[in-house]
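**Q** Next come the chains, spelled out residue by residue.
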Amino acid sequence: MLAAGRSEAEPEIAGAALTELCQVYWAPLYGFVRSRGRTVHDAQDLTQSFFAYVLEHKVYARVDRRKGRFRSFLLASLKNFLADAADRERTLKRGGAQIFLPLHEEQAQEAESLFQTHSGMSNEDRLFDRSWAEALVAAALERLSTDYRREAKGQLFKALRIFIAGGAEPPPTYAELTDRLGITESTLRSHVTRLRARYREALRTEVRRTVGSEKQVDQELRELLHVLTEM
Amino acid sequence: MGKPLASGVGVCSMCGKPLNAKGDCLACLLRTGLDETVVEPKPAVLAFGDFDVEQHADGSCWELGHGAIGVTYLAADKVLRRRVALKVIEVPPAARGSQAIRDRFLREARAAAALRHPNVALVFQFGTSPNATHCYYAMELIEGETLAARVRRDGPLNAKEALKIAIQIARALVAAAAHNLIHRDLKPSNIMLTGDSEVKVIDFGLAKAITDAGGEMDLTHGEFVGTPSFASPEQFGGGSVDARSDIYALGGTLWFALTGLAPHPGKTLDEIRDHKTRDRLPVSQLIARKVPEPLVKLLRSTLAIDPGKRPGSARELVETLELCRRNLTHRTGIRSEEAALRIEAFSRALTNAKACASDPESLQALFDSAAKKAAAISKKPFKQNWAYLQTMLRLIRAYHRGEYDQVSNDALVWIIAALNYLVDPFDLIPDSTPFLGLVDDAHVVELVTDKTRRTLDAFMTWETAAR
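So the protein lines, in turn, are chains A and B.
Residue 1061 in our numbering sits at position 194 of the first sequence, with consecutive numbering throughout.
Residue 890 in our numbering sits at position 452 of the second sequence, with consecutive numbering throughout.
What the hints contain is simulated information worked out from the structure, not anything from laboratory work.
Careful, some of the hints might be misleading.
If you want the footprint, here are the derived chain A segments under chain B, 3+ residues with CB under 8 Å [said to hold, decoys possible]: (1) 887-894; (2) 1013-1026; (3) 1066-1074; (4) 1085-1094.
The structure displayed is predicted, hence computed values, not measured ones.
Glycine included, each C-beta is placed from N, C-alpha and C at the ideal position.
Pulled out of the complex, with its shape left as it was, chain B reads as follows (with noise of 0.2 Å):
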């Protein structure tokens, strides 16, 4: 009630000031105008266990996420003075009598909390209200951004960057395999990114123990406990699952990174179930973005329908990720500091192999050139182009020596101009580039072989009839 005034009249209780004959505050009622806030009581603080839920200004719960699994608050630890991410899933009518329900969430939000790595968010606490509405836990509050949001901002990763972010992702699943823990609901929007691309898994093992409270996934049909278009295709089924499904949602999880795309998009369950089982996978997507081959072929291999033909473990999928990385930085460095004088490189030893194929004194110096430096380098390095460069070696010498004329002009410059790359690029490139880099390049070598297979083909088929 409001205090009542000699007059009879009462005042506001939202600012004290007197009302109206009719009972209404012209004070509030002006700054309402004015636009000036109101006072308005705040409803009454949403609190679960030792966490109220924060408000903005104008009463409203501070949501951080809001999903089909619950909602996530941000809110404050009342004991522990800190703040938390909390989130709240409404338990349906029907599950709430259940004592099972609730001791089967609870096991499994304590197997999750048990999950201590510097790339999983860490659960505070959990449990369930009183009346058994909701079942509860407070995360660790990540100031960032899911890998989703960042992807929705900035468009697709560079592969450096979703590798880097992988490599984090794949860490926290050895983790979590340590404790036999599967997250089973791995995906874009439970990546947490801080500022500087530092990976925190959410949700982790809690997937599971959301389906036990009775709260409903992304899609839910049956048994199934994910989100259906990273979920891998054996959680379609409603079996068991290990680890390899979340090595699996991994997979689809930089496959977004990359290209801005689930790997098999649908509208419905079954609709995706459908394209995971029999589509192949629309690799032209990450052709489009250029993601390095090497990285192609690992998502072929994380996302095979067969669990058994992914990475048999979470310590196979890093260590796979870190060489991928490796491979990439060589190649991303290479490229990007010497790409220039690599094609200029080329283009010269082509150049020079022209004018060289009918200037027999060129041809002279060039193949003793090629030969002194094919002959002052390992059999390592090259690997299985060494057979090739020396086949083109003895064929460059015989034809020098007049014995073998069987090669076509077009022919000889392409081989002229692989040698002279090879020598060339001593040159150009600055010695702390590796050789190998430079005759190893998958694009000169393919080029050079696909214009000089058949000359090289019929020179050992000659050579083998020689001797």
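Isolated chain A (complex conformation) (with noise of 0.2 Å):
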């Protein structure tokens, strides 16, 4: 845990990071919460309240940095947080927690979106583990999106990026997206490599904020990429 883990040489970089990434991954966690059980409009308020816990009460800094991941420690903080959710519930009633995600109208109706998509599984980890890639890469995507488009080349990313994320259509050949582009082969190849370089790095970058080590990123993705192939 990379970020969080500079959290008392510099803690309000790392409260911000760690903000940061608890929104990237507030639709597992609400995901999960809902796959107990609850109901839309509880799921969101648990989903809030055990951020706000994490954060408040820099539940983080009990992580093994070496061996831990963010992924599987917020897993298990969230079951035990669900476990006391009346205590939990109750303490909110009274005005006990002062820290508060903000929660935007868009990011709660993708949760329950993904929430819905794989309601059908019958493992709430798994679940969990899926809704997590799903943020991850969609964290990484849009990081790389953006980069493009602040380089004025928002169009290209939109027309390569069907050779890192696939799609139901087969990609189209080389020489229709040279037609399309207006570029030469040798270029178009260019930008997908490069393309891909980008994403592979964009995502290895998402990922490396929440596990202790290079190796440890690695493992995260094959470990979630088992998780797919299984299913």
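Fit the two chains together into the complex; they arrive one by one in their own frames, and the hints show the way.
**A** What follows is the structure, given as structure tokens:
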């Protein structure tokens, strides 16, 4: 847990990083709460309360940075949190929570949509992992998309996105794309290679924020991929 | 379309895993992060006639070479199931509708395909694409590298290696001459070398075919066909060229092999043409590389501006190159094995000569020994130096008898040294060494002649007057 791991030395930066992480991974946690039979409204409240609890009590400080992964840590913490849900709810009602994560309507809807898509899954842990993977790649794609737009290459990103994200339709041939984009095939190849490399780095950067070492980046990705391929 | 799942979510067309609500494939997205190859659909296979261009794992076409005249791909012959080198030339749009141009390309390519020689890469097949956008020909796939690549990697070759290559190219030219075929674009990058420096000339006779098809050469200017740095001066004129143009280009190629440079480099066609037609050959490049004189002479001849001053035919060129190689082998052999002995021999001869010059008894012994050896050998091996050696002997004899004394001690020492050198090496050099190889040593003869010329001229004048 790299960003949060620097919390003692740089509390503000660590706090901001953690808040961002919580935002990114809000949906998987929400989905997990929903899978426990909570209503949309309750799940939103509980998820918000959980993040507030994590941030307020600096729960992340207990993570063994050499072994821990933010994903498994959060899930375990959430399970504990939900076990004491009644107490937590009472605390909240007494105005115990001091920290709130902003929750946007769109974000809440997306999380619910994600939950609905996978609501048929029997294993709630698997549902959480899958949703986590969704959140992870979405964050990386968003980061990359922003970068391309900043470079005035938004259209290029849109056209080539299929080479990293796949899709139901086969990607267009290079010949089709060269005609559409008005570039040579060698330039196109170069763009695709570059996009793939940039996405890879964006994704690994995202994972790096949630694990303790570079080796764990690979482990984390493999584990998530394993979860997906078992489904 | 992806196959719909019960949930209504499609599957990835590349890996078959379910897509998410946004239509993205999480598995592909995660694999990319792991650098595990994402299954990418291959672009449509590039195919020409019976040949499919091979692809790398990432789907890109497997290029063997890329020049101004087109791209050479590694390709598979679908019918004969063998790998070939496929050269593909894009026909400019303006030329695509011309049946005459297409026919001309096919005619030239057919002639090239008829050439069969161990030093020429075979042309298996040729043709034009149905929409006339491309011309192509499939060649024998040579496992190796071009001469240009070899020189770039290892630096200039030694004379022996360069000659070995040049002789094989010249043999290919002999075979081509039998088919009235001219390469027109002979250059280091058209010479493929296998592991043991076996030569395969590529693109034989196809430069013209390519130009006919509308492709461009390295530099295109009017009717120019070839690569300017290696092309003959007459190729710049746009007039007719014959086999002597290839001989010129071979000279340029040999020059490049020996020096790593083109004899007349330049950035533009005009600049190169001016260098070729006005400037003298930069022979200093050869001298700097210690290229043997016979080879320098040969290069001067092959790179003559006037085609009439070049070797008249490829066969004549082969013979000259072979002779050059034999001489080189002989000289190199002596040099490599006995250079130290030769130097030691002459050095000792000079030392002895200095001693002999002031010691009548030693001088007499030397004279007797030299006279005896000189009498024992035949005139033939000495060739032009025979008279010179005989004159030296007469001078020593006259000096010894006291009849002639108009000789400086220095000149005397050199003359005696030459004689001593003539005699002494028998004790130093193995019997297998041709005697004349020593006396005929250009360096020694030149040195001694230079030191004694005036003395010998004066002695001969004295002899004439005395008679």
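**Q** How about the stretch 887-894 of chain A: do at least three of its residues have a C-beta closer than 8 Å to a C-beta of chain B?
**A** violated (count 0)
**Q** Tell me if chain B covers the stretch 1013-1026 of chain A under the three-residue, 8 Å CB rule, please?
**A** Coverage by chain B is violated here, the residue count being 0 at a Cβ distance below 8 Å.
**Q** For the stretch 1066-1074 of chain A, do at least 3 residues have a Cβ located nearer than 8 Å to some Cβ of chain B?
**A** holds (count 5)
**Q** Can the stretch 1085-1094 of chain A be counted as covered by chain B under the rule of three residues or more with Cβ-Cβ separation shorter than 8 Å?
**A** Three-residue rule met by the stretch 1085-1094 of chain A, so holds; n is 5.
In summary, the numbered hints that this structure violates are 1, 2.
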